[in-house]
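S.K.: From just these sequences and the hints, can you work out the full model?
Chain by chain, the residues:
Protein chains: 2
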Amino acid sequence: MGKAQLLVEVTRDNRVESRHMGHAVVVGRGGTVQRAWGDPAAVIYPRSSCKMVQALPLIESGAADAAGLEQRHLALACASHNGAAIHTDLVTEWLGGLDLGEDDLRCGPQEPADIPARDDLIRSGGTPCQIHNNCSGKHSGFLTLNRHMGAGPDYEKPDHPVQLAVREAFEDVTGEDSPGYGIDGCSAPNFATSLTGLGRAMAFFADAHNHTGVRAHAAARLVEAMHTHPDLVAGEGRACTTLMRAMNGVAIKTGAEAVFVGILPELGLGIALKIEDGGTRAAECAIAAILADLGVLDGNGTAARHYLDAPLLNRRGLDCGRVQAAPGFPG
Amino acid sequence: MGKAQLLVEVTRDNRVESRHMGHAVVVGRGGTVQRAWGDPAAVIYPRSSCKMVQALPLIESGAADAAGLEQRHLALACASHNGAAIHTDLVTEWLGGLDLGEDDLRCGPQEPADIPARDDLIRSGGTPCQIHNNCSGKHSGFLTLNRHMGAGPDYEKPDHPVQLAVREAFEDVTGEDSPGYGIDGCSAPNFATSLTGLGRAMAFFADAHNHTGVRAHAAARLVEAMHTHPDLVAGEGRACTTLMRAMNGVAIKTGAEAVFVGILPELGLGIALKIEDGGTRAAECAIAAILADLGVLDGNGTAARHYLDAPLLNRRGLDCGRVQAAPGFPG
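Heads up: the sequence lines are chains D and W, in that order.
So for the first sequence, the numbering used here puts the first residue at 1; every next one is plus one.
So for the second sequence, the numbering used here puts the first residue at 1; every next one is plus one.
In case anyone wonders, no lab produced these hints; they're calculated from the structure.
Since copy identity is lost for identical chains, a pair holds within one copy or between any two.
Subject to a maximum C-alpha distance of 20 Å in a straight line, what follows is the list of computed DMTMM-like cross-link-like pairs (lysine to aspartate or glutamate):
1) 157 - 13
2) 157 - 319
3) 157 - 103
4) 157 - 104
Model, not experiment: these values are computed from the prediction.
M.R.: Right, here's the structure in full:
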């Protein structure tokens, strides 16, 4: 990995307290790198930022249409959701429509990030289940594809037909052979790529509506599903949801360890960034800064300010400092 | 701030996924820097890592003894606790003994980090209060000192006699005039210092038992209180508690934004470190690595391995990677 660039600073009483270095790239039509910070050749795990890539075979195979999936299901297939009722009710209904249940999932249980849902669960004496897992929409997509393929139940294994189809799509849209995979938080393989590869994939999604072909058509449907249902892609208070609501037709997606991507159909641009240390607050600030710099996010709007100039409020609500783009970034 | 050094790496499937840079220093008797990584002159906020310094005036003034405080109260005054019953019961009793209550605190409410305490609170329909705040022991110490001083109720204000006494002690043991303060998560001022200054303060605490004088005596009592009550200083599952239990007579303390300090009385050494990006997982790994390197922590013991070679377990319990000291660190 080449040298990272200072992207985000955390200040307290106007003194820098912490710093976040990272890599970022903006890729245009045809896969051309238009702007880069840090090392665009850095090899990263996209983590959940590539869920729209992992959902391509679900549509391309015809599985989504055969199962009668609607746009909201496609949005949820791309989601790292909060486990709120709007997410878990839809996953439950989706699995029921396949005659499947919670124990067919392989993503593992996770406590909901949504506080009302978490508190309801605790009050009712329940325990978190796999449907609460932020990846349960993606896994419902895998199960739908698997039903269509007629393959075995171990759909999360790297050599299973579902994951082989994901890998083929991933390598195609990144334009690179993946150097390998890591096992993700939800147990599915997560394929490594260069940051430029991830940006190239996002540029493919951004320009997909201008192209014909099964893959481009699937990509365009997923982009539309994401920006049409920002509440399903993450949840209340989350950066993906808040920032997508503040933009028109732009899809963005976070990934664990501080990855963030953007798909800008009007400009035909893809964005990919990785904060080297895995700090989510910095990834959120950096993506907002790039989106504002490119003019698709109003940098003076409430949503943008929350991430571009994030106040550090203490436990009495006092304003103690800021998370902000570093001087000179985006430029 | 000078250049940070790579201290900790996060790997997934043997590929580096994230990296943490930082600064660290080991200071010996008399304030001599014995080892340094990154920039020992880096100016930092110690945050909660300096709670034992903030507790010095409580003892030096005679307030602690006048209020009949025991060793467990002193440990809690140095704590960033989990809000478990062992912590909140003692704070409640402490405040009651002063004829004070929760609304005299100025630290703000915080949800307990202790899961059983959190779940009990939610089940009972309660809401987090200031006693649950991880700093409520420190603030009970401030209130005890304030009662002794007979000053006004705004004990958390930077110009209040309580905080002026803290500043005097802080600048004395760090051996530096503080360049200023930031407001901490608990609303008290947190004085900035160089990393070397913080290490020098820890070396003072480490060697205090060999010295006479009110300040040295107070420091030695606090060190003994901390390592005698590791469960009060943090809580079950926390690095401070787990690692102190695995050592003899060593006190360690975490601070927000990835500060960690160590006090090693037998060796007469103080340790201070700051991960530049504020990532706690890296601070925990780095302090364990230095403690093991100095021979006070058994690097092959269960407690140490958990931080030196921290497994990344996913939501199905699968081992997906590691948080480890970077090659060449500590050296």
